[in-house]
Amino acid sequence: MADDLARDCDRAACRAAIKVGSKSFYAASLLLPLHVREPAYALYAFCRLADDAVDLSQGKREALARLRDRLDRAYRGDPWDDPADRCFAAMVRRHGLPRALPEALIEGLAWDAEGRRYETLSDVRAYGARVAAAVGAMMTVLMGVRSPEALARACDLGVAMQLSNIARDVGEDAREGRLFLPLERLRAADIDPDAFLADPRFTPALGGVVEELLVEAEYLYDRAASGIRRLPFGVRPAIRAARLLYREIGREVARRGFDSVASRAVVPAGVKRRLMARALSSVGDPIIGRGQPPLPETRFLVEAVAHAPWPRQFVRPTVGDHIGRMAEILMDAHARQSGRPMEPARIAGE
Numbered sequence: 000m001a002d003d004l005a006r007d008c009d010r011a012a013c014r015a016a017i018k019v020g021s022k023s024f025y026a027a028s029l030l031l032p033l034h035v036r037e038p039a040y041a042l043y044a045f046c047r048l049a050d051d052a053v054d055l056s057q058g059k060r061e062a063l064a065r066l067r068d069r070l071d072r073a074y075r076g077d078p079w080d081d082p083a084d085r086c087f088a089a090m091v092r093r094h095g096l097p098r099a100l101p102e103a104l105i106e107g108l109a110w111d112a113e114g115r116r117y118e119t120l121s122d123v124r125a126y127g128a129r130v131a132a133a134v135g136a137m138m139t140v141l142m143g144v145r146s147p148e149a150l151a152r153a154c155d156l157g158v159a160m161q162l163s164n165i166a167r168d169v170g171e172d173a174r175e176g177r178l179f180l181p182l183e184r185l186r187a188a189d190i191d192p193d194a195f196l197a198d199p200r201f202t203p204a205l206g207g208v209v210e211e212l213l214v215e216a217e218y219l220y221d222r223a224a225s226g227i228r229r230l231p232f233g234v235r236p237a238i239r240a241a242r243l244l245y246r247e248i249g250r251e252v253a254r255r256g257f258d259s260v261a262s263r264a265v266v267p268a269g270v271k272r273r274l275m276a277r278a279l280s281s282v283g284d285p286i287i288g289r290g291q292p293p294l295p296e297t298r299f300l301v302e303a304v305a306h307a308p309w310p311r312q313f314v315r316p317t318v319g320d321h322i323g324r325m326a327e328i329l330m331d332a333h334a335r336q337s338g339r340p341m342e343p344a345r346i347a348g349e
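Numbered by numbering that gives the first Met the number 0, the letters in the sequence shown go through residues 0 to 349 in order.
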């Protein structure tokens with residue numbers, strides 16, 4: 000059995016890792032049903048382990064080699080002696096996770112290790128495809144969903160979230176010698192990338208480049224929204240919450256005049272609570288982006304899942320999923336008869 004690879008104490012360690020490592024992700028994860036939440040913690044713990052193994056190591060090449068060995072052993076069912084490895088191996092076996100997805104993540108970490116810079120917005124999206132959209136695709140598989148449409152929208156969301164992170168961390172990254180903004184856009188704004196890294200300072204021109212990145216993120220958040228209806232009913236509040244919380248990061252950057260050099264934007268706790276409530280109260284989801292093909296930069300992730308075999312055991316719909324689907328059918332019928340959709344529930348003050 001897949002669960003024999005991991006113990007209860009291993010799962011507790013993974014749970015603790017996400018609680019400390021990502022407050023936004025942890026908050027959203029609390030809305031997941033337990034049968035998805037636990038493997039999601041395993042996925043996060045392994046991704047965090049992978050990131051730290053490369054980022055905190057002096058020998059990047061050796062760290063990447065060790066990481067690939069850990070991946071090999073997880074897929075062989077012989078994981079390293081670490082809670083994250085054991086839980087990840089159990090999750091791989093149970094859910095039939097296509098190996099191309101974690102391999103894409105490791106490729107993105109390799110790009111980080113070599114200090115790669117990105118000439119165009121498409122290049123930045125390609126980076127986001129590996130370090131974020133790959134995780135979104137893996138989460139979709141954990142939910143028992145493999146439709147190309149759902150995967151394409153999950154990848155949109157992953158790239159959007161990475162763009163939000165990049166926009167928030169411009170100053171912090173620059174002070175560590177890292178630059179993820181499109182070089183061609185910096186030069187078009189008369190900003191020399193090397194000069195900026197040598198002395199990171201905010202200027203209105205830099206703010207314009209950050210704004211362009213967040214405009215792209217907003218577009219992708221809109222595209223991602225329609226994919227939520229492709230997911231099991233019980234997981235939708237968590238994905239809505241993740242979309243709303245990460246989108247708010249970019250909006251907080253915008254409120255600061257797009258200056259993410261002088262300070263790092265933080266979403267206030269009260270705003271997070273309001274967005275969590277909104278995620279719970281939403282009934283309908285926008286249809287913007289429905290039927291759109293995947294981004295060229297994420298197509299390989301969608302195709303990797305499409306060509307992979309289904310596991311012997313997979314996540315089956317819960318009673319709540321069936322009830323939610325019935326509610327949707329009723330709402331769609333109402334829309335056809337009345338000519339307008341039923342209004343989603345709203346919270347006070349919206």
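Since the hints were derived computationally from the structure, they do not count as laboratory data.
Warning: the hint list may mix true and false statements.
Label pairs and their in silico Cβ distance ranges [as the list claims (entries may be wrong)]:
no. : residue 1 : residue 2 : range
1   : SER121    : THR202    : 20 to 28 Å
2   : ALA11     : ASP189    : 50 to 58 Å
3   : ARG67     : GLU175    : 21 to 29 Å
4   : SER280    : PRO203    : 20 to 28 Å
5   : GLU302    : TYR218    : 17 to 25 Å
6   : ALA112    : ASP71     : 31 to 39 Å
7   : ARG255    : ARG98     : 22 to 30 Å
Lysine to any residue pairs mimicking SDA-like chemistry, simulated, CA-CA at most 20 Å apart [unchecked claim]:
no. : residue 1 : residue 2
8   : LYS271    : ASP71
9   : LYS22     : ARG277
10  : LYS271    : PRO292
11  : LYS22     : LEU48
12  : LYS22     : VAL270
13  : LYS22     : PRO147
14  : LYS59     : GLY76
15  : LYS22     : ARG272
16  : LYS18     : LEU30
17  : LYS22     : PHE299
18  : LYS271    : GLU296
19  : LYS22     : ALA268
20  : LYS59     : ASP71
21  : LYS22     : LYS59
22  : LYS22     : GLU302
23  : LYS22     : ARG6
24  : LYS18     : ARG47
25  : LYS22     : PRO192
C-beta: ideal position from N, C-alpha, C; glycine also.
Here is what the structure says about each hint:
no., hint, result
1, SER121 with THR202: 20 to 28 Å, "25 Å, holds"
2, ALA11 with ASP189: 50 to 58 Å, "52 Å, holds"
3, ARG67 with GLU175: 21 to 29 Å, "25 Å, holds"
4, SER280 with PRO203: 20 to 28 Å, "38 Å, violated"
5, GLU302 with TYR218: 17 to 25 Å, "23 Å, holds"
6, ALA112 with ASP71: 31 to 39 Å, "19 Å, violated"
7, ARG255 with ARG98: 22 to 30 Å, "41 Å, violated"
8, LYS271 with ASP71, "38 Å, violated"
9, LYS22 with ARG277, "18 Å, holds"
10, LYS271 with PRO292, "31 Å, violated"
11, LYS22 with LEU48, "17 Å, holds"
12, LYS22 with VAL270, "14 Å, holds"
13, LYS22 with PRO147, "30 Å, violated"
14, LYS59 with GLY76, "26 Å, violated"
15, LYS22 with ARG272, "12 Å, holds"
16, LYS18 with LEU30, "14 Å, holds"
17, LYS22 with PHE299, "30 Å, violated"
18, LYS271 with GLU296, "31 Å, violated"
19, LYS22 with ALA268, "10 Å, holds"
20, LYS59 with ASP71, "18 Å, holds"
21, LYS22 with LYS59, "27 Å, violated"
22, LYS22 with GLU302, "31 Å, violated"
23, LYS22 with ARG6, "24 Å, violated"
24, LYS18 with ARG47, "12 Å, holds"
25, LYS22 with PRO192, "31 Å, violated"
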